Amino acid sequence: MRLFLIAIAMVAWMTVHAQPRFPLKLASSGRYLQDAAGKPFLIKEISAWGLIQALSEQDEAAFLDSISRHGFNTVLTCILNTHSKMTGQPDWQGVWPLTVRWDFSTPNEAYFAHVDRFMKMAAQRNVLVMAVPVYLGFRDLPGEGWWDELKSPNNDSLKTRRFGEYLGQRYRNTPNLLWVAGGDNNAEGDLFPLVWNLIKGIKRQDSNHLWTAHFDANLGTHWSTENRLYASQIDIDGLYVWSETTLMDKGPQYKTELDHYGKGRMIIQLDQSYEHDIPHYADNENYQWIRRKMYDGLLSGCTGTSFSPGTIDNQCYSFKNWQPLMNSTGMQQVGYCFSLFESLPWHQLVPDTGQEIILSGRGTFGDIDYLCAARFGDGTGYVAYIPTGRTFYLNTRKISPRPLRSEWFNPRTGETLRIGTVGVWDKFGFATPDDGDWVLVMRE
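The letter at position 329 of the sequence shown is residue 359 when you use the working numbering, and the numbering goes up by one with no holes.
Quick caveat, the hints were computed from the structure, so don't treat them as lab data.
One or more of the hints may lead you astray.
What the hints assert, rightly or not - 20 Å max Cα-Cα, derived DMTMM-like pairs, lysine to aspartate or glutamate: (1) K69 to D89; (2) K150 to E218; (3) K150 to D279; (4) K457 to E445; (5) K181 to D133; (6) K285 to D397; (7) K150 to D133; (8) K350 to D89; (9) K293 to E315.
Owing to the predicted nature of the structure, the values given are computational and were not obtained by experimental measurement.
Based on the provided sequences and hints, a complete structural model is requested.
Next comes the structure, spelled out in structure tokens:
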């Protein structure tokens, strides 16, 4: 009983003392975000595209409370959105965002007063809002997203510029905001002047917030900066991969993540892993794949990751019955990952891509069972994700000149198995406890 009470007290202490202080900014390294007190902020994002449109404010507050309890500190959503899977209609509770259909120079004060209240609710709960100004939607799906409404005869690029200025002026002092361009669409061709003016309008009034982007992965635009039309507007490079197979020779994900980490800017996993979503690819159905991509990414330079829970017949983004999804298998396992990395100096992790530390058993670079690892920049520790059970050998002398406390972390259960203190060896072998995936954690 005493140990149980101590555990509760520790959880309460962590909840109180781990809260960020907005606004956020890029750290001096440019690799991660930090809050107003200088504390590193690991983006732990849940994809909730239709949240602002789908729920009452009471339910929005309940959703934010729930994801916070499960370790998420960021929500990806849209200020304007319409999608048959998400909201069906672009309004909130019958209140439309524009007073004249598809005329973006006519914002509806009642609608945006609701958006204001949502932003404040999120700030009160220490949740960062990654906001898409206008969800565009896939170009080949009329009626899903606003790409065709933007092109309405009632609208033009000057009006979207004014709308951007309206958003920028309204939200420039919102402390918990990060802008996201796009939304499943490259915004090119005849859409370009409309979306470009929207972004420039926001930026004209709001220079306080950072930008990332979410484009059309079906067209091979997986990274925010891979869309050359908008690359100059991007501060944080987000990787959006709905199916790892779409990466083709750029994959698996860790391969392209390491490549972009080498370019020196902050990188994150964006809108990743929809548990049991359609189509039912391994990316959504295989929990080991979901874990592998998340752990590999956080050990390959990403300082943010993403998830959305679901069951075969119920997806979180539809918000038809979201409460049961908060206890899904995926939510539990993602929570274990969050807890592990928050217990580590994750912002000091430097991907280990050399051959000096891992001597054998790593696997072949470019295969999905390749062992991804990272060392602490100050030489005080090492973390490795082993996707399949195996024996491998490390030169621990190359990690640290001092002995390291070592343990196995089970990403399936959140349990830890103590290995003991490993001394300074030129070659030291590790064998995973079983054939499943494991995380090796070594630290002083």
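Now for the hints, and whether the structure bears them out:
1. A C-alpha spacing of about 30 Å is found between K69 and D89, which places the hinted pair above 20 Å, so the restraint is violated.
2. Restraint check for K150 and E218: not satisfied, since their Cα atoms lie roughly 33 Å apart, outside the 20 Å limit.
3. Proposed proximity of K150 and D279 is contradicted: the alpha carbons are some 43 Å apart, above 20 Å.
4. As the CA atoms of K457 and E445 are separated by approximately 27 Å, the hinted pair breaks the 20 Å bound.
5. A C-alpha spacing of about 10 Å is found between K181 and D133, which places the hinted pair at or below 20 Å, so the restraint holds.
6. The suggested pairing of K285 with D397 holds, with an alpha-carbon distance near 9 Å, which does not exceed 20 Å.
7. Our distance criterion of 20 Å between C-alpha atoms is broken by K150 and D133, whose separation comes to about 27 Å.
8. For the proposed pair K350 and D89, the alpha carbon gap of about 11 Å is at most 20 Å, so the pair holds.
9. For the suggested pair K293 and E315, the alpha carbons sit about 32 Å apart, so the restraint of at most 20 Å is broken.
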